[in-house]
Every structure is written in C-alpha cells, then in structure tokens.
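A.B. asks: One line per chain: the protein sequences are G and S, in this order.
Residues in the first sequence are numbered from 1410 upward in steps of one, following the numbering used here.
Residues in the second sequence are numbered from 1410 upward in steps of one, following the numbering used here.
Hints listed in this document are in silico derivations from the structure and should not be mistaken for laboratory results.
Since the model is a prediction, treat every value here as computed from it, not as a measurement.
Just so you know, not all the hints are guaranteed correct.
Identical copies carry no separate label here, and so any pair may be met within one copy or between two of them.
[Stated by the list, open to error] Here are the computed lysine-lysine pairs in the DSSO-like style, where the Cα-Cα straight-line distance is at most 27 Å:
#: 1; residue 1: LYS1633; residue 2: LYS1574
#: 2; residue 1: LYS1574; residue 2: LYS1595
#: 3; residue 1: LYS1834; residue 2: LYS1494
#: 4; residue 1: LYS1555; residue 2: LYS1466
#: 5; residue 1: LYS1680; residue 2: LYS1574
#: 6; residue 1: LYS1494; residue 2: LYS1786
#: 7; residue 1: LYS1595; residue 2: LYS1633
#: 8; residue 1: LYS1494; residue 2: LYS1595
#: 9; residue 1: LYS1429; residue 2: LYS1419
#: 10; residue 1: LYS1862; residue 2: LYS1786
#: 11; residue 1: LYS1866; residue 2: LYS1466
#: 12; residue 1: LYS1555; residue 2: LYS1866
#: 13; residue 1: LYS1595; residue 2: LYS1862
#: 14; residue 1: LYS1595; residue 2: LYS1831
There are 2 protein chains.
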Amino acid sequence: MTERFELMKKTLSQMLEERKYATLRDILETMYPADIAAVFADLPAQRLPVIFRLLPKELAAETFAEMESDLQELLIQGFSDNELKEVLQELYVDDAAALAEEMPANVVRRILQQADPEMRRSINQILRYPENSAGSMMTTEYVSLKPDMTVGESILRIRRQGIDKETIYTCYVTRDRTLLGLVTVKDLLLAEDDDVSVSEIMSTNPIFVTTHTDQEEVGRMFTKYNLLALPVVDREQRMVGIVTFDDAMDVIEEETTEDMELMGGMLPSEKTYLKSSTWELFRHRIPWLMLLMLSATFTGLIITSFEEALAAQVALTAFIPMLMGTGGNSGSQSSVTVIRALSLNELRFSDLPRVLWKEMRTSVLCGVVLAIFCFGKIWLVDRLLLGNDQVTLMVDAVVCLALLVTVIAAKLVGAALPMAAKAAKLDPAVMASPFITTVVDALSLLVYFLFAKLLLKV
Amino acid sequence: MTERFELMKKTLSQMLEERKYATLRDILETMYPADIAAVFADLPAQRLPVIFRLLPKELAAETFAEMESDLQELLIQGFSDNELKEVLQELYVDDAAALAEEMPANVVRRILQQADPEMRRSINQILRYPENSAGSMMTTEYVSLKPDMTVGESILRIRRQGIDKETIYTCYVTRDRTLLGLVTVKDLLLAEDDDVSVSEIMSTNPIFVTTHTDQEEVGRMFTKYNLLALPVVDREQRMVGIVTFDDAMDVIEEETTEDMELMGGMLPSEKTYLKSSTWELFRHRIPWLMLLMLSATFTGLIITSFEEALAAQVALTAFIPMLMGTGGNSGSQSSVTVIRALSLNELRFSDLPRVLWKEMRTSVLCGVVLAIFCFGKIWLVDRLLLGNDQVTLMVDAVVCLALLVTVIAAKLVGAALPMAAKAAKLDPAVMASPFITTVVDALSLLVYFLFAKLLLKV
C-alpha cells in the first residue's frame, strides 16, 4: 500500500516536472481527495498552485478541505478572488468555518469577502462559539422537514435541497425551529405509503447536544449511539445545526492524541509530528521535564538524609533503580488503565471505592509474586553467582519488603490520582505516568530506608 | 448527564422491584439501546430475563447487540429456543457472528440451530476468517445493484430489500459478484432522471479491502476517507461483504486502548476495567513488571561496579533518581509521539533519518536548557541553601553533563525503537515507556559514572 503510494508520488512529480498536464489531470481525477492531499503535502510548495489548478472544481474543493492549514494558506495567498470564490462555493460550511478558524486575520477577511452572503452569515455564527464546542464544529446545512409533510413530499424536498447538504441521510423535523424528531432516508424509503405524514414515522425524543457541549462529549455520543449526525440546539432549544460523523471521528482522534501526549508528559499539540518545528517540540516538552527534574529534588533530599545508612550498607544503593523502576511501572499501569476507562466513560468518580479495592487486591497479588521472585533472584544472582557478600539475607529481605509496599502504594496512587483529577474537573490524563512516577519514586525511597533502619539498624 | 442516568437507573430498579411492568415497558420504549444496555449491566443478574422480556422485539435485539458478552450468555442460557430464534431474526449478521465468536461451544451450537439457514451460512462464513481481519468483522448483508439497472429500478430494489440491511446508503454495483463501483442513495435521489443507468452515475475505482486485511488498517481507512461502509472482497476479487462504520469505530477504540495498554506496560485486554477480575488484571500486568524488574539487574550491576566511586563521592548517589527520571521522561515523550504518529500513518520507516534529525535538535535544545537550570539549582539549593559541602563545582558539572548526554540519548532511543519495531512488523507500542525507561536507566548510569571517573578521578 505505502510502496504503491510512494511510486505514485514519484510518477506524479515527474509528470509535473515534464509539464504533462493532461495526463496528470487524468490520473488525479481517479484519485481520492485524501490521497491527493497526501501527495500535495510532499510536493515543493511553489509547484502546488499549478497542480491544484488542474483539479476539476468539486475534487479541488474536497482536496482543499483535506489539506493541512499551512498549505491551505499558501494556496489562498496565490488564489485570485475568483478562484477563492469558486473553492468556497464548493466547500461545506463546517469546512469553511474550520478554515477561517485557522487562518490569519487578513486571509479570514478575504474568505468572508468572497463567500456568498448565506455562507458568510453561517461562518460568522460558527466562529462565535467557543473553541472545542459543538457549535464550533457544526454545519448549518441540513435537511429540515415539517411534521405535517408526507413521505412523498419529504423525498421531493430532499431531492431539491440535497445537493448542498453534507448529509441527507438524517432529516430533522422542526416546528418554529424547535426540534421535534428525526427521520432517516431509510425510514422514508421503506415507508409503506407515500402519503403517511412525517410525524407518524419520525423518532421522537432524539439525541441532541447544545452549542456549548464540549467536543469530547460530542465524540463520545457518536461512538455510544453509532450516529451519522447529531443535532445541535441553542439555549432556547432551537435547532441551529448538525455535527457530522467525519468531524466527530476527527475529534475522537484528536482527543486520543491529546490524552497520549499528556500521558507521555507533554503539552498537547495540534500539529502532526513531522509538521512541528524543533522549537515547537521543545516548547511542548520542556515544561514537564523541568517540573519533574525540579521535583526530583525531593528524592535527592531523601537519599542525602539517609546518606549514613547507605554508607554503612553500600549494597543498598544498587537496588534503588530496581525499586523505583518497578514502583513507577506499577503505578503507570494503573493510571493508564484508569485514565482510559475514564475517557471512555466506563468509570465515574463514585466508582472510586470499587477501583481502590480492585487495585488493592491486584497490587497485593503482583507485589507478593514480585517480592518472592526478587528475593530468590537477589540471593541466586547477586549473592551466589556474583559473590557479593554485602548482600545478606537481611538486605535481601529489606529490598523485597520495600518492593511489596512500593507496588501496593504505587497502584493505589496511580488509580486514585486520575480519578481525583476527574472529580476536580481536570483532565485525568495530566495525572499520568511522569507525575505519578515522581510521587512513587519518593514514596519507594522512604519505605526502603525506613525498612533498612528498622531491620538493619543502620 | 450521569446524574440523570443514575436517577433513571434507580427508578427503573424500583419499578422492577414493585413489578410495575407496564410503566417500566413504557419508559424503556423511549430509551436508546445503548442506554438500556448500560442500565441492564448494573441490575442483579437474576432480574435480567424478566426485564429483557418487556422490550418490544426490535428494541430487544438492538439492546442485546449492545450488551457485554457475559450478560448475553446469561440471557441466552435462560432463553427458550423460540426466544433465541426471535432475537437472532432481528440481529444483523455481523452482530450475530460477533456474538457466536464470544460464546462457549454449546451456546454457539444453539445459536446456529436457531438461526435461519441463510444467517447460519453467513455466520459460518464470517467465523472462518482470522480474528481481527476484515472478514471477521464484515456483514454479508448489503444492497447490490447491476450496472444496467436504472436509477428508478435501483430505488425500487432498495425499498424492497432495504429492511434487512444494516446500511442502505451505499449500494454496490457488481457483475458476476465482481465489484464494479458504488452508488450512494444520495446519488440516486439527486439523479436528474430516473431512467439513467446506474453504470453512468456510479463511482468506479471504489476503495475496498480483502477479507484478510487487518482490522487496524480497516479502521484507518474509515477515518482517512470518511467512509460509511467499506466493501470486502475475497482473493478472487469477488465481493463478499461490507464493514459498517459502527464496527470500524469500535475497532478504532479497541486499537487505541490496546496501544495505551502497551504503552503503560500491560498486555492488552478485551474486557473493560470494571469487568476484569483481580486475577485477569494480575495476569495482564505481571509479565512486564517481572521482565522489567529482572532487567533492572543491569542497573544494579552498573551501580555495584562503580561502588568505590560512589563511596568516595557520596554526594553522587543523591542525583541518581533525578538523572534516571529525567532520562526516562525524555525518552517516553519521544516514544509516545512517534508511536502515535506511526499508528495514525503520519510516519513511515523511511522517515527515520528525518525523525532522528528532528529529535537530535530538540533533545540538544531540551538537554542544554535542563542542564543549565540543573547546574544553577544544584548550586543554589544543594550547596548554598542546604549547605552540602560534598557538592563541589566539579560534582555539579558531572551531574549536568551526564544529564545533557542522557536527555539526548533518551530522545534518540525513544524515537528509534518504535520505528525499528514497525520495520520489524511488531506493534510499535510494545517499545513504549517502560521498556525504553529500562534502556535509558542503564545508559544514564553508565554515562554518569564515566563522567565521574573522568572528571572527579574517583
């Protein structure tokens, strides 16, 4: 698949070089917008306007909608007013609004100038809603029906209006712009009689969101109810638009990437990896690194304050990385599981006792098994095989007891912190591995040295 | 939202207690299958058959399809043959096949007995394909058209056949079962003339997968091309079924969860967190913990072999956690970013040089900034504020030089390992944080002690 794509890209570049525009056009016409956009992304920027102008109008707009915003800006800068108008005419309103959201002010001005009055009004309306809200991702183009229309009239209306609508498969039944219900094209086509009225076959009690619903919630509703489109109503419960499933899928992808970035200890970024500059990567990565480096001062302090114990029992130092590592891994296992379950809505804060009880039992099981293995391994490898006489039975016991307690504490902390974050209306993913590791590192050292004091009397 | 849901659950339970079946039924009828399934999941198991039987036939089947497999099994065990037959009749073939895939052998036998002959054939066909392949997630029910049919005839055919099809919005044009193209209901409804033939308006060159395409690839194609359905062909290029977008969304969710679990150092699990038993959680978590604990033997060995250096410069020990922690965090930032980009197909193995160059620049920037801050912090806090005389300028320099090298090495390793895994056809997510942390831990200690030997002559 990817090899064929590479080959395709090379062939197209060469044709462009050799100015074989007619053949180029013929090939592009057989391709999908997403693939054309991917090819364009790798072409030298100055060739882009030439090849873009080869595309037939509709395909050009669809490809444009699939492109990254930096290339969109580049193209618009080169467009004549007429070309811009033509592309805008073919774009769906939500794509046009998304475009306007990403462009610098002077480009937005040009876009609004060239858009037809209805689209201009819609773009302005969508841009007014907060970023990441249902309002900002909706389209104002949808098919609306009246409750007293018949099935036949409804089909006729779809045939007349459908051309401009992103989806026609779900139609919304409204009275005075209030949402009463919905009818799918399947319902209409399969209705036994063309004279039945829409109100008789519509499903009442439709699922909807308000303009201010967070996009993450919107994405979740699409997955939960397998929706193709979701109506958006304003504060007065009047219908103002719909979110379509392609945008919902994009949001789900974005939100997942954001969760992963937070889990990896980075500020979320909206750009793809290869598009991000060194400076942007640096800016997204340095804050957590800095914070976690500074917070490691505590672990340093703990070690310093037990310096004498370590000097008396040098063998203890060798097990510090293993203890901290296993603690960190145990904690991140629990936190990742809980964070994912929270973001899929499988867990609520009220489940906290159940979660802690589950983690308690799992961590005891993990801890005991690890401690027993560790005990044997230390004795066999460190003492017998490597002949380290400082590793006494007592040292071994201290290490393994500390390991057991660390694993239990790590799993409880790892599960509890994301849930606490959720309750505090923070993103649970912020509480992921790097943060928990730091807490667990300090805990594990404390436990370790306390056991050492107690059992080895150092 | 969730509070309203809790309230609803309580009300329904109470009505069930009080045997107010008629009211209960009226309320259930207004609810969505996914919500009913969620309510059922929390009811006592022995009440489930009673309340399930209240649902009207179609809603019952839809709810059944949304339920977790353990509850499905429980219900089937209680069904009479007739009840089972009724539910199966209403299920779509892909849901029935998914059900059969999860049930124990004796239940599968009953399912196949009660299914009508056509469904039985389809289930058997779907079950033959490898798990996680397009074939195993497809449905064999779709609308197929012939190229010489007219638009009018096609619409008539949809109206006659549509009732049993999961989606009617994309119709597939075939000749001798070979896929020629596709036509959407939108195309048909918006066609200017009912007498135009399907072959004139169909899009040729449709996107398809084969029965053996991996489900992850299937999910990616839905997102990339914004598909509602995707045709599946066999080795002879004959069309055998379609994958619908609801199943694709489920796969995307599953695959993402799997990536996150791997990143968190766990074996992937198919069950939700609350449904997993302690024993299952243990089994999925212990292998990595054990492996990583054992591999920490290396870090222990490194420390042991530099024991004398540490004894001579006790202050060095205090900075080990900070060094290892910062290294681990730097590495996991890069690995998480690269793993996500790989799973979104934004990166290919051939991008490796670009990735390494990008990480090199970013890591030098991060490393230099961290090292400078760390140098100042150690001098100000550890030396001046806490008055630790052992922290000399030279010790400070050793720590910060080691930090710089560690950050650079960690970012390069963190980015390279997942790409190498991809090239070796392994899941890149396996190479995530815990694994990289172990490699980086060992590296950072080695670098640290080498600098100490070199600069402090210990």
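A.B. asks: The structure should be examined with respect to each hint, and the outcome stated for every one.
C.D. replies: Consistency of the hints with the structure:
no., hint, result
1, LYS1633 with LYS1574, "both (25 Å within a copy, 21 Å between copies)"
2, LYS1574 with LYS1595, "both (17 Å within a copy, 10 Å between copies)"
3, LYS1834 with LYS1494, "neither (43 Å within a copy, 46 Å between copies)"
4, LYS1555 with LYS1466, "neither (34 Å within a copy, 29 Å between copies)"
5, LYS1680 with LYS1574, "neither (29 Å within a copy, 40 Å between copies)"
6, LYS1494 with LYS1786, "neither (73 Å within a copy, 57 Å between copies)"
7, LYS1595 with LYS1633, "both (21 Å within a copy, 26 Å between copies)"
8, LYS1494 with LYS1595, "between (35 Å within a copy, 25 Å between copies)"
9, LYS1429 with LYS1419, "within (14 Å within a copy, 70 Å between copies)"
10, LYS1862 with LYS1786, "within (23 Å within a copy, 30 Å between copies)"
11, LYS1866 with LYS1466, "neither (82 Å within a copy, 73 Å between copies)"
12, LYS1555 with LYS1866, "neither (84 Å within a copy, 87 Å between copies)"
13, LYS1595 with LYS1862, "neither (74 Å within a copy, 77 Å between copies)"
14, LYS1595 with LYS1831, "neither (40 Å within a copy, 43 Å between copies)"
Checked against the numbered hints above, the structure violates hints 3, 4, 5, 6, 11, 12, 13, 14; every other hint is satisfied.
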